[in-house]
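There are 2 protein chains.
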Amino acid sequence: MHFKRRTHTCGELRENNIGENVILHGWVDKRRDLGGVIFIELRDRYGITQIVFEPTFNKESHHEAKDLRSEFVISIEGVVRKRPEGTENPELETGQIDVMVNKLIILNEAVTPPFPIRDDIDTHEDLRLKYRYLDLRRPKLQKNLLLRHRMYQLTRKYFDKNNFVEVETPVLMKSTPEGARDFLVPSRLHKGKFYALPQSPQTYKQILMVSGLDRYFQIVKCFRDEDLRADRQPEFTQIDVEMSFVDQEDIFQIVEGLMKIMFKEIWNKELQTPIPRLSFDEAMEKYGSDKPDLRFDLEMKNLNHIFHKTEFRVFKDAIDSDGIISGLLAPGCGEYTRNQLDVLTDFVKGFGAKGLIWIRVKQSDSGLELESPTMKFFTDEEKQNLIKELNAKAGDLIFILSGNRIKTLNIAGQLRLEMARRLDLIKPDAEPKLLWVTDFPLFEWDEETKRYYAMHHPFTSPRLEDIPLMETAPSKVKARAYDLVLNGNEIAGGSIRIHNSELQAKMFKVLGISEEEAQTKFGFLMNAFKYGAPPHGGIAFGFDRMAMIFAGENSIRDVIAFPKTASGISLMDDSPSFVDEAQLRELHIKVR
Amino acid sequence: MHFKRRTHTCGELRENNIGENVILHGWVDKRRDLGGVIFIELRDRYGITQIVFEPTFNKESHHEAKDLRSEFVISIEGVVRKRPEGTENPELETGQIDVMVNKLIILNEAVTPPFPIRDDIDTHEDLRLKYRYLDLRRPKLQKNLLLRHRMYQLTRKYFDKNNFVEVETPVLMKSTPEGARDFLVPSRLHKGKFYALPQSPQTYKQILMVSGLDRYFQIVKCFRDEDLRADRQPEFTQIDVEMSFVDQEDIFQIVEGLMKIMFKEIWNKELQTPIPRLSFDEAMEKYGSDKPDLRFDLEMKNLNHIFHKTEFRVFKDAIDSDGIISGLLAPGCGEYTRNQLDVLTDFVKGFGAKGLIWIRVKQSDSGLELESPTMKFFTDEEKQNLIKELNAKAGDLIFILSGNRIKTLNIAGQLRLEMARRLDLIKPDAEPKLLWVTDFPLFEWDEETKRYYAMHHPFTSPRLEDIPLMETAPSKVKARAYDLVLNGNEIAGGSIRIHNSELQAKMFKVLGISEEEAQTKFGFLMNAFKYGAPPHGGIAFGFDRMAMIFAGENSIRDVIAFPKTASGISLMDDSPSFVDEAQLRELHIKVR
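Which chain is which? The protein sequence lines are U and H, in order. Just so you know, the numbering used here puts the end of the first sequence at 592, numbered straight through with nothing missing. Just so you know, the numbering used here puts the end of the second sequence at 592, numbered straight through with nothing missing.
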């Protein structure tokens, strides 16, 4: 078990090392026996080097090498030689050389792994997660972890250079049940009391601004006890940023600087700045999403102005109830069969639509003509305006959805994505598209609980000009909030905060949070504001999602070392798990 | 509330800015009214700039400035001028200039803080913690947070440069009740099950080595639910490091590189490497501590060989029971009064000693003479040898303690520290002293539970030559474990790990952990080892303590942004706190 320090890694040797005595350590990756000679590809994190056991070169090592099997851990000494003409491997960086072994030490044996350590395998994810230590040996996952490593370093270097201070905020904090569900931690020393894990360090970063830290950042774990959707994790990583004495533009500038670096260093692309911006209203009307994918342009159109005099009941209801009529042109889809159209109708119904109006655009002698069961309700003027507004051509297909504004636009947005898939508009090599979405509504009305919720969070500042509307028409108040969207994924979101305790109190009032409740939950923050809070704002990046996109993966689990399943289980170590009764007793709790 | 972007920070303006129009933001630090002119020291994180409101320069601003009080947040525009001759302030970096204000915006008002924002105040720590946002405005705490920030960046840059991969390990993990108490997190989706917060990412970092990551590091939060001692926190920060294919020497080399950088960048000192080493046994015999403070030399001596033929019952018992007789020379203390000696006797009794032997060294005509009530038990030869061994001189005082080895040495170590304090040997400007303590015992016997515990943790490798002793004489087995000690504080500890599942099983056996229990708790790690684990080892730094020492502070609370009290309470936000019954119901738990 004694072994010497390695002279090189398995990714390091080149032709200029020929003739050198070297020591390598690594895992047996592939083994070939050829004419009494044993060839082994030795693997470590840095690469693969072929090592050769030849009986005439060293009898003892050759003899011992017969026992070697996949994933054995070995240490070898040997001499670097040029590979014989014709046996070079251009796919390996070390492919011009191999190492003739004259000493072998088996550091550890290995039983046969449950799946081969290769990228081109189709193993059930549950098995991969159970044997995560083997899965992580795969080159792709190693590459992802290294990419993530680089993204950490680039991020911190950037913020450090720009005078931001990295501050660690507590993981054991106070439960503030606004937002998602907290994970709780029972206190042993204080019976019946609990800590909560942070959903974000929101209050702490604002406190740091009150403390005069001026510019704060942290790459930090956050926690949400949600009913897990397929690609969520109960713990996730955030790049958390806060700045004092700033407006939206200052935040944008800092973030754009970071994105420029990421584009350059990770993708070797020049990001053009400023990043384009869309208001929430525009984004919804054009793309039916507050995180539109702009890698293809397929745009929806607000058709309300075309049908403002319509007698068609469906449209009239929509207009009268402050709703929307939204049109989408599907170029060249005029020949869709009735069956295909039924499938799409079911598709939108699945999202809650009552129906889908479809219209075929045809060429007739007198010009373009619209064909659809709905056409009888349209005036000629409306038809002509529709064609013009959507810039429709013969052979195209028009979809129209109408009803409640946000709901209809969301469904139209889903239809837009579906048509993009059918039309194959999202090319894998498409240029990545970043955009800012701005001017979000400050409040969202919840029908179930009959109250307003903060769309971003309760510390978000309204636009100053909208403050008077807070009491009279909360749903019309716009927030100084913004999201950064990359290829249809929200990768960051933030806002300018309320820094004034009166405005904060007003905010809580609209949210139906009583003064007493506010005092209990956020009293320390509101108190802090009394001692001289600077104007401030910030942003938080979803680091896992960002890493996923930069790595070109489709699941965040592929950029997290030890992810949990959709139901929050770690299959590797079987957590969560039952614990000793004595542990619970000490914590003054019992299971119901 | 609209304000312009600042042109400079409050620490930036110099003589070469004279005549410029500038915009500054900040807090009102000090205010002086002098002959109708208002002078304000405006403060931000970057420094202090004096701003001047003069009625003849700008009447309106001067008028508005009358309202300004301490800690108001303001934005000003003005012109930089050279301060009038004789009014320069050499204590400020901006002290050659001030700014004549022609526009003032009050961004936020402030009520009077409960204590002044100054370093030279003596405020009760509880009040400081409650108003942490104000406490953090003090220059000293801001300096500490900035130092901590720099230490983060230096650390990561160093490990990045040395090919370490930063990997985030889970915070929600499996409870493994070996070591300290876990903090538990009830699972909502899996009734009756719990996650635990990591006491350290120990198993994960070993898993990463099995995965072939080769070199891992992370600055990571860890959690221990201990009965809190004065300077412990329930959550603390660790620099966590693990390396494959290494022995102790490789770990030392990497760590010494980091320490060189810290010494240079934080203290501007050249650290000489290699860092000196002491075995655990030596450290205990010489200094009565496994984390000796070497800034002063006062050394204890093992006197067993001098008294191997003694008839003095106290010493004979110690020798016969494998104990120790330990001597300490207190130079120049021969004139201590009987009362002083009684106080010291009480001091060692407080640590559990039965008594303290003290001996005055005096000059007589025939040479040195020892004076003590115990002298009647010493032979002349023993006396002469004692004088020689301790290199005693006239006027010195000799202390002797004896009994159970570890216990006696610990008490003698406390006496050593006490004498160092009395003799004023620890100078505030003493050169910092680093050392490695090596060869720790692998096991500690616990009298109460009548079993062995792992002194480091159950994954620590024994010295290979000691493996046979594991079954026959566990207490004699030395571990491949090491601590890094700075000025008498353990700042890092680590070990070479067991990488072989057979040896691991043997380890669990000595620890009295049944196969079944081991399988439940650590099964995934032991399984991982079957698939080809490399030899590996690592170390973890207590980052808070390290930052405390580099900052020259005496409490880790002064280098943590939001610390908790000794009983785990955050006085700022009053956590832990009671939570809604509905929350507990969802988590399937109730308070007993």
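Please keep in mind that the hints were generated in silico from the structure rather than gathered at the bench. If you're wondering where the values come from, they're calculated on a predicted model, not measured in any experiment. Hints may be right or wrong, so weigh each one.
Any copy, or any two copies together, can satisfy a pair, since identical chains are not distinguished.
Result set (SDA-like, lysine to any residue): computed pairs, CA atoms no more than 20 Å apart in a straight line [to be verified]:
| hint | residue 1 | residue 2 |
| --- | --- | --- |
| 1 | Lys157 | Leu146 |
| 2 | Lys530 | Ala582 |
| 3 | Lys530 | Leu571 |
| 4 | Lys530 | Val111 |
| 5 | Lys191 | Ala582 |
| 6 | Lys157 | Leu147 |
| 7 | Lys157 | Met262 |
| 8 | Lys349 | Asp67 |
| 9 | Lys530 | Leu129 |
| 10 | Lys291 | Arg421 |
| 11 | Lys59 | Met526 |
| 12 | Lys362 | Gly523 |
| 13 | Lys143 | Ser200 |
| 14 | Lys4 | Asp346 |
| 15 | Lys264 | Gly367 |
| 16 | Lys191 | Leu571 |
| 17 | Lys191 | Asp227 |
| 18 | Lys161 | Met259 |
| 19 | Lys530 | Asp67 |
| 20 | Lys140 | Glu265 |
| 21 | Lys191 | His588 |
Here is what the structure says about each hint:
no.: 1; hint: Lys157 with Leu146; in the structure: both (16 Å within a copy, 15 Å between copies)
no.: 2; hint: Lys530 with Ala582; in the structure: neither (45 Å within a copy, 33 Å between copies)
no.: 3; hint: Lys530 with Leu571; in the structure: between (48 Å within a copy, 18 Å between copies)
no.: 4; hint: Lys530 with Val111; in the structure: between (65 Å within a copy, 6 Å between copies)
no.: 5; hint: Lys191 with Ala582; in the structure: both (15 Å within a copy, 18 Å between copies)
no.: 6; hint: Lys157 with Leu147; in the structure: both (15 Å within a copy, 16 Å between copies)
no.: 7; hint: Lys157 with Met262; in the structure: both (12 Å within a copy, 18 Å between copies)
no.: 8; hint: Lys349 with Asp67; in the structure: neither (62 Å within a copy, 63 Å between copies)
no.: 9; hint: Lys530 with Leu129; in the structure: between (50 Å within a copy, 17 Å between copies)
no.: 10; hint: Lys291 with Arg421; in the structure: within (17 Å within a copy, 65 Å between copies)
no.: 11; hint: Lys59 with Met526; in the structure: neither (79 Å within a copy, 35 Å between copies)
no.: 12; hint: Lys362 with Gly523; in the structure: neither (65 Å within a copy, 69 Å between copies)
no.: 13; hint: Lys143 with Ser200; in the structure: neither (28 Å within a copy, 25 Å between copies)
no.: 14; hint: Lys4 with Asp346; in the structure: neither (67 Å within a copy, 54 Å between copies)
no.: 15; hint: Lys264 with Gly367; in the structure: neither (50 Å within a copy, 81 Å between copies)
no.: 16; hint: Lys191 with Leu571; in the structure: between (32 Å within a copy, 17 Å between copies)
no.: 17; hint: Lys191 with Asp227; in the structure: between (28 Å within a copy, 14 Å between copies)
no.: 18; hint: Lys161 with Met259; in the structure: within (15 Å within a copy, 23 Å between copies)
no.: 19; hint: Lys530 with Asp67; in the structure: between (74 Å within a copy, 16 Å between copies)
no.: 20; hint: Lys140 with Glu265; in the structure: within (19 Å within a copy, 37 Å between copies)
no.: 21; hint: Lys191 with His588; in the structure: both (6 Å within a copy, 17 Å between copies)
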